[in-house]
Amino acid sequence: MAALALLRRFVGEMCRSLGAYGAMHALGLWVPGWPPDEEPEPLDGPPPAHPERLRPDTALTPLERALLRQWRREERRRQKR
Numbered sequence: 001m002a003a004l005a006l007l008r009r010f011v012g013e014m015c016r017s018l019g020a021y022g023a024m025h026a027l028g029l030w031v032p033g034w035p036p037d038e039e040p041e042p043l044d045g046p047p048p049a050h051p052e053r054l055r056p057d058t059a060l061t062p063l064e065r066a067l068l069r070q071w072r073r074e075e076r077r078r079q080k081r
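Residue numbers (this note's numbering): 1 to 81.
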């Protein structure tokens, strides 16, 4: 009996979820990904109010320097492809 109740709940939740997904998709409230003709612009640094923009005179921490080195290595590898 408990298994039947669990199955009914599961099927009911699935129907509600799929209905909500279909409604969102049909109304255009959510569109997955970017449109094919519009790619996001590449980032050229932190946004205007980011702490790195507010305090350019503050030195990076050792962790931040390590992350920057790692990021630069990955960028160089991507550019070589």
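In short, the hints are calculated from the structure, not lab data.
This structure is a prediction, so every number in the text was calculated from the model and none was measured.
Take these hints with a grain of salt, some might be off.
Computed list of lysine to any residue pairs in SDA-like fashion (alpha-carbon distance at most 20 Å, straight line) [to be verified]:
id : residue 1 : residue 2
1  : 80        : 42
2  : 80        : 70
3  : 80        : 68
4  : 80        : 69
Distance windows between CB atoms, simulated [stated by the list, open to error]:
id : residue 1 : residue 2 : range
5  : 79        : 6         : 48 to 56 Å
6  : 46        : 78        : 50 to 58 Å
7  : 72        : 49        : 19 to 27 Å
8  : 22        : 43        : 57 to 65 Å
9  : 3         : 76        : 37 to 45 Å
10 : 69        : 20        : 43 to 51 Å
11 : 41        : 18        : 48 to 56 Å
12 : 78        : 56        : 48 to 56 Å
Even glycine gets a Cβ: it sits at the ideal position worked out from N, Cα and C.
Tested hints:
| no. | hint | result |
| --- | --- | --- |
| 1 | 80 to 42 | holds (18 Å) |
| 2 | 80 to 70 | holds (16 Å) |
| 3 | 80 to 68 | holds (19 Å) |
| 4 | 80 to 69 | holds (17 Å) |
| 5 | 79 to 6: 48 to 56 Å | holds (54 Å) |
| 6 | 46 to 78: 50 to 58 Å | violated (20 Å) |
| 7 | 72 to 49: 19 to 27 Å | holds (25 Å) |
| 8 | 22 to 43: 57 to 65 Å | violated (34 Å) |
| 9 | 3 to 76: 37 to 45 Å | violated (57 Å) |
| 10 | 69 to 20: 43 to 51 Å | holds (45 Å) |
| 11 | 41 to 18: 48 to 56 Å | violated (35 Å) |
| 12 | 78 to 56: 48 to 56 Å | violated (26 Å) |
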